[in-house]
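Residue numbers (the numbering used here), protein chains in the order written: chain A, 1 to 174; chain B, 1 to 230.
One should not assume that every hint holds.
Claimed, not checked - Chain A stretches covered by chain B per the calculated footprint, using a threshold of three residues with CB under 8 Å from any CB of chain B:
1) 4-10
2) 22-35
3) 86-95
4) 108-118
5) 159-168
Since the hints were made in silico from the structure, they are not lab data.
Glycine residues also receive a C-beta, built at the ideal position from the N, C-alpha and C atoms.
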Amino acid sequence: MAEARTPSQTIGPFFHEALRWEDGGNVTFAEPGRRIVLSGRVLDGAGAPVADAMMETWQLSPAGRTPAPATGSARPHGFGRVETGKDGRYRIETSLPGGELPCIEVSFFARGLLKALRTRVYLASEERVRADPALHALAGSPRLKTLVAAPAGANEYRWDVRLQGEGETVFFAA
Amino acid sequence: MNDMTRPDELDPPYLYPGYRSTALRAPREPLLELPAGALDVPGPTVPREFVRSGDNDLTAHGKSAPLGEKMVLTGRLLDGEGRPVRRSLVEIWQANASGRYAHPGDRHDAPLDPNFVGAGRTFTDDEGRYRFVTIKPGAYPWQNHPYAWRPQHIHFSLLGNAPVQRLVTQMYFPGDPLLDIDPVYNSVPDDAARRRMICALDLETGIEGVALGYRFDIVLRGAKSTPLGI
């Protein structure tokens, strides 16, 4: 039955008007939490900025739970959607996810991507990330660090994404 | 070359040489397999207020009607077991009747239509049904290869009920001769799967004397999870 699925196609370069969510880079939750900024650049196989990607994020709430439905707001809690800019930069403001090993699920959509690229960014030390059983296949690999954001000042994290080539980010089989 | 197509894979590969833009954007390293079910968790709950009345009528936002063949586009959003995906966000976008997007990046020398932006959104109902009113988009040339033209298509973004169901795809029209030369359409390896991206003419779902009817059902992966409150 799963074979009846509708296939994926590229988002193309012209999605912005339809898929731009007002304030989509400001991720909200029902409960208070430590606000953080996650930002970085998305680069292609030649090291050039990917200026026409859409990035989506989904994460646990500060209390470590599935984000509660939003009330009195037009946008869902816990979900971020932003575009990359001319220089390939993205920026989201969110709350530090709860749970033992804070991480954010990330998907990229772009011209030239016939299906989404899925990955995950951890907001924890590389040593702790290495102990995550979900990543055991990477336990001895230098590539694991591509999933770890670097602290960049108080409440800021930097995470660059390389779609291809040297330092290629680890992506997940969908 | 590592195109990472698995034999049972229904979706296109990341690296598809016929579509030039994949060359520098397709990952070359093997993909990491997550534990089974890792993405079958509840997804975001989009508030009802997110969609406003009229957001599903792309013809109603100008001073008068847009140019083009008016059409009613209906269908159902289902999972792999044929169950409706209920109260889930559907977003669409498309070119105008002359094949031009209302987008600053679109350099095609065809006229903009002041009465058409080409963006719509709606929720599926409890049976997974959705409905849009729009116009049939035009075909347009692009730079992928000599004489390249995209077939007429409407872009769909489906949030689904769990991250594993998230899908972005394109809907094509029956009998379009440009499908044969389109690398995006043909990047899907299986012919039967490709044809599932083509809508069906369904006149009686249109409006007699006003709008053509087209039907397009979309099938997502199965998921055990649903968003909270849905």
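Now the hints, each set against the structure:
1. Using a Cβ-Cβ cut-off of 8 Å, 7 residues of the segment 4-10 of chain A lie near chain B, which meets the minimum of three, so the contact claim holds.
2. Counting residues of the segment 22-35 of chain A whose beta-carbon sits less than 8 Å from any beta-carbon of chain B gives 0, not enough to reach three: the coverage restraint is violated.
3. A stretch counts as covered by a chain when three or more of its residues have a beta carbon under 8 Å from one of that chain; for the segment 86-95 of chain A and chain B the count is 0, and the coverage is violated.
4. Counting residues of the segment 108-118 of chain A whose CB lies closer than 8 Å to any CB of chain B gives 10, which reaches the minimum of 3, so the coverage claim holds.
5. Evaluation of the coverage hint for the segment 159-168 of chain A: fulfilled, as 4 residues show C-beta separations to chain B shorter than 8 Å, against a requirement of three.
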